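From first to last, the protein sequence lines are chains B and H.
With my numbering applied, the first sequence covers 10 to 347.
With my numbering applied, the second sequence covers 62 to 618.
It is possible that part of the hints are untrue.
[What the hints assert, rightly or not] Quick partial rundown of chain B residues pointing at chain H, CB under 10 Å, derived from the structure: (1) T68; (2) A100; (3) S168; (4) K203; (5) A213; (6) D237; (7) A334.
[Claimed, not checked] To spell it out: a stretch of chain H is covered by chain B in this simulated footprint if at least three of its residues, at any positions, have a beta carbon under 8 Å from a beta carbon of chain B; those stretches are: (8) 450 to 456; (9) 556 to 564.
Calculated from the structure, these hints are not laboratory results.
Bear in mind the structure is a predicted one, so any value in this text is a computation, not a measurement.
By construction, the Cβ of each residue, glycine as well, lies at the ideal position given by its N, Cα and C atoms.
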Amino acid sequence: MRLFSRLALTVAACLAAGTVSAAEVNIYSARKDHLLKPVLDAFTQETGIAVNLLSADATQLLERLKSEGKDSPADMFIATDVVHLHAARAADLLQPVTSTVLEQAIPTQYRDPQGYWFGLSARARVIFYAKDRVKPAELSTFEDLVSPKWKGRICVRSSSSTYNQSLLGGIIAALGEVKAEAWAKGITENMARKPQGGDRDQIAAVAAGQCDLAIANTYYFGGMQTSDKQSERDAAAKVGLFFPNQNDRGAPMNVSGAGLTISAKNKTEAMTLLEFMAGAHAQKLFAEANNEFPVLTSAALSPTVAAWGPFKGESINVAVLGENAAHAVRIFDRVGWR
Amino acid sequence: MPAYPHKHNGYKAPLPWLVAVLALAALVALPVLVVTANLLVPSGDVWTHLAATVLGSYIGNSLLLMAGVGTGVAIGGVGTAWLVTMCRFRLSRVLEWALLLPMAMPAYVVAYTYTDLLDYSGPLQSVLRAVFGWSSARDYWFPDIRSLGGAIAVMVMVLYPYVYILARAAFLEQSVCVLEASRTLGRGPWRAFGQVALPLARASIIAGIALALMETLNDFGTVQYFAVDTFTTGIYRTWLGMGQPIAAAQLGAVLMIFVAALIVMERLSRGGAKSHHTTSRYRRLPQIPLTGWRGGLALGFSLLPVLLGFVVPALVLAGWTLQVGLENSFGGDFSRLAGNSLILAVIAGMTAVAVALVLAYAQRLHPRPLIRFAVRIASLGYAVPGSVIAVGILVPLVAADRALAHGIESWTGRSPGLLMTGTIFALVYAYLVRFLAVSTNSIEASLAKVTPSLEAAARTLGCGTVTALRRVHIPMIRGSLLSAALLVFVDVMKELPATLIMRPFNFDTLATRTFTLASDERLADAGAPALAIVLVGLVPVLLLSRAIAKSRPGESE
Numbered sequence: 010m011r012l013f014s015r016l017a018l019t020v021a022a023c024l025a026a027g028t029v030s031a032a033e034v035n036i037y038s039a040r041k042d043h044l045l046k047p048v049l050d051a052f053t054q055e056t057g058i059a060v061n062l063l064s065a066d067a068t069q070l071l072e073r074l075k076s077e078g079k080d081s082p083a084d085m086f087i088a089t090d091v092v093h094l095h096a097a098r099a100a101d102l103l104q105p106v107t108s109t110v111l112e113q114a115i116p117t118q119y120r121d122p123q124g125y126w127f128g129l130s131a132r133a134r135v136i137f138y139a140k141d142r143v144k145p146a147e148l149s150t151f152e153d154l155v156s157p158k159w160k161g162r163i164c165v166r167s168s169s170s171t172y173n174q175s176l177l178g179g180i181i182a183a184l185g186e187v188k189a190e191a192w193a194k195g196i197t198e199n200m201a202r203k204p205q206g207g208d209r210d211q212i213a214a215v216a217a218g219q220c221d222l223a224i225a226n227t228y229y230f231g232g233m234q235t236s237d238k239q240s241e242r243d244a245a246a247k248v249g250l251f252f253p254n255q256n257d258r259g260a261p262m263n264v265s266g267a268g269l270t271i272s273a274k275n276k277t278e279a280m281t282l283l284e285f286m287a288g289a290h291a292q293k294l295f296a297e298a299n300n301e302f303p304v305l306t307s308a309a310l311s312p313t314v315a316a317w318g319p320f321k322g323e324s325i326n327v328a329v330l331g332e333n334a335a336h337a338v339r340i341f342d343r344v345g346w347r
Numbered sequence: 062m063p064a065y066p067h068k069h070n071g072y073k074a075p076l077p078w079l080v081a082v083l084a085l086a087a088l089v090a091l092p093v094l095v096v097t098a099n100l101l102v103p104s105g106d107v108w109t110h111l112a113a114t115v116l117g118s119y120i121g122n123s124l125l126l127m128a129g130v131g132t133g134v135a136i137g138g139v140g141t142a143w144l145v146t147m148c149r150f151r152l153s154r155v156l157e158w159a160l161l162l163p164m165a166m167p168a169y170v171v172a173y174t175y176t177d178l179l180d181y182s183g184p185l186q187s188v189l190r191a192v193f194g195w196s197s198a199r200d201y202w203f204p205d206i207r208s209l210g211g212a213i214a215v216m217v218m219v220l221y222p223y224v225y226i227l228a229r230a231a232f233l234e235q236s237v238c239v240l241e242a243s244r245t246l247g248r249g250p251w252r253a254f255g256q257v258a259l260p261l262a263r264a265s266i267i268a269g270i271a272l273a274l275m276e277t278l279n280d281f282g283t284v285q286y287f288a289v290d291t292f293t294t295g296i297y298r299t300w301l302g303m304g305q306p307i308a309a310a311q312l313g314a315v316l317m318i319f320v321a322a323l324i325v326m327e328r329l330s331r332g333g334a335k336s337h338h339t340t341s342r343y344r345r346l347p348q349i350p351l352t353g354w355r356g357g358l359a360l361g362f363s364l365l366p367v368l369l370g371f372v373v374p375a376l377v378l379a380g381w382t383l384q385v386g387l388e389n390s391f392g393g394d395f396s397r398l399a400g401n402s403l404i405l406a407v408i409a410g411m412t413a414v415a416v417a418l419v420l421a422y423a424q425r426l427h428p429r430p431l432i433r434f435a436v437r438i439a440s441l442g443y444a445v446p447g448s449v450i451a452v453g454i455l456v457p458l459v460a461a462d463r464a465l466a467h468g469i470e471s472w473t474g475r476s477p478g479l480l481m482t483g484t485i486f487a488l489v490y491a492y493l494v495r496f497l498a499v500s501t502n503s504i505e506a507s508l509a510k511v512t513p514s515l516e517a518a519a520r521t522l523g524c525g526t527v528t529a530l531r532r533v534h535i536p537m538i539r540g541s542l543l544s545a546a547l548l549v550f551v552d553v554m555k556e557l558p559a560t561l562i563m564r565p566f567n568f569d570t571l572a573t574r575t576f577t578l579a580s581d582e583r584l585a586d587a588g589a590p591a592l593a594i595v596l597v598g599l600v601p602v603l604l605l606s607r608a609i610a611k612s613r614p615g616e617s618e
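Using the sequences and the hints, build the whole thing.
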């Protein structure tokens, strides 16, 4: 019985916590806690607005938003890939907002054309090579990776990752579906091993000699270069970063970002937070915490990222990648890129 | 579902049991029905696409995985349970509880640790390359841990205790008389095992294997990490990648039908056979002493699963924790996470056992097809991938919440919003839906062995159904009740998808933290919370292991 009364108390406490009406924002976030926390803490300190956070897989959050509908306690949805931001919009879970602050801070290519979501940090998907076995001069574009000279030499993760779906989504936009499928098939034929592990694993496999090239997002490499683990730093030292497609459309870009939900009850506070996240302070924190590119062009790069040098990023609106993702998955299924 | 051909003639079971069982079963079965209802919604050409491309490999891999895991856990679980219960060899008393240790290990964590050890860039292969002067993967062959074989191995290591614990409880519940009668009739110890003990424990063993197979089917973390495409990873991919939640739920529904077929087959294979212990005369089980090579063999066989399923991964986790530093690992909000995990697991464990006991007992009182069916449907939640069932739970929960909010609004003029969704209450409900099968299976199996004549005697002596349950059944199956609570407790400690999606704001558990860090490819940082899941899980494992050993009826306290 004592346990039962404790349970009742806990439940009551939870119910009570849900109905407190001080200034607050409720966030459903797919971004990792430890990357978001510093920004949210700074926000609360600066504005006095409390932030309630629920972190989970983007798909799960979307499902919870869908079933809760207009009654959802969530004011804001944060995702780490444009595929999920687009999915949230497509499922009518986000509302459009206008803000001159956001429009001035964030380049057009990194936000939804109608203001349903806004990119808050950018990353490039690039080629990593084994310094002792590959000369950068041998590399040029993503398209070139299907050439027979790379047979059995490429490591890349599963196509279930939205990063690969976005990558192929961009190639569909640039080359059309037929050529994109031929490209995916060519990559699959050149793989050194069955796709497995995350982006970091691909870079590590290049360092260990299992493959000569890897396709991965930039910030994973930054994370390895600045890792607490000697072994990760050693691995990163054996690997070079190559920005592909510099003479044509540029390296493929993607964003993490956020949008206001249709259920937002704390809309003013949520807008304040969104604008805060696009501001100089938060952008600096984003850039430093995860070695990403700030969307605010005036914000400084982290020293690790700055050392990679300047590059040309693709300039199409990232929303297109989200629109093409479902096609991309079907292509992956057809060519056997697991 | 155990067959109860006997009639409770003259002991009319009271109606409240019937009402209770139907209401509880409906509540728990609702999410499963929501998922299944998706089968009726058209989903366009997705199925054509899936059938033409990846469906074959999803099905093939899932079947191979189940065959491998099923065989492995049966041999490992029954073999070790028999050895430590019926024989005495070096360390056998220690192994009695040590064999449960791998239960505390989430399969995905074991997958992380073995990959770290055996992967191409891991220490073992690096040393081999250094010693033999190999420079790349093309110079030598090494089994790929990230494979179907690797996934089977890892799952057997962590799932065999499901069979072990139920088989051991069954072996402990058996009467010596039966065994001795078989020995008197000229059977050697092996044939006594094969022809008497095994059939008597059959219901429990099959229940254990069924649990292990359902865990196998709903596993996402391990197979995904090991790059094995199964039905479950297919569901995620269809749902997430193709933006086809309905087709994904349909895959989930197909998976459930698959499991239902499995359960029906098992029930049919049991046929009309029933086994009851005939007597309540128990005394200490005689243990056969094993020495020499036999003892060595028994020790090796029983020690291996403990080493592979617990000691090695625990050492790796400890290594990671030390690498990150104890202060970084266990400081901060660590104790809050552990507290959250513990509270959830205790509440869920007790609730699940209480509900399962009502279901199993009512079923015994009313052996009707309708009730059997209701209980079976209520158990299906276990085999459905966690996040699919989580969505199935959200739908009715939010609907009930809306109705409640509407009611309050018409009464007070102000809507309170969603009161249950996103609370601990919702989480416990989710755990009940997911893990009821765990407690029901073991309680049912055990209740089936309480001979009806005891119950008849109790009723003749004037006991009501509740009193009979309290004074006759519960004491007799105490061991199984505890096992059931333990199984649910440990499952909740490790549970991920439903916890992630249903939990309140600002609420984390050890499992969610482990997952967050590991999925961000920060394995070393995940070491401490993972180790804590294991350590917190150990406490009840050890306590209950003692209780199970003592649970043997007639064993003095």
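Okay, the hints, checked on the actual structure:
no.	hint	in the structure
1	T68	4 Å, holds
2	A100	9 Å, holds
3	S168	8 Å, holds
4	K203	6 Å, holds
5	A213	5 Å, holds
6	D237	7 Å, holds
7	A334	7 Å, holds
8	450 to 456	holds (count 4)
9	556 to 564	holds (count 5)
Going through the hint list in order, the structure satisfies each hint without exception.
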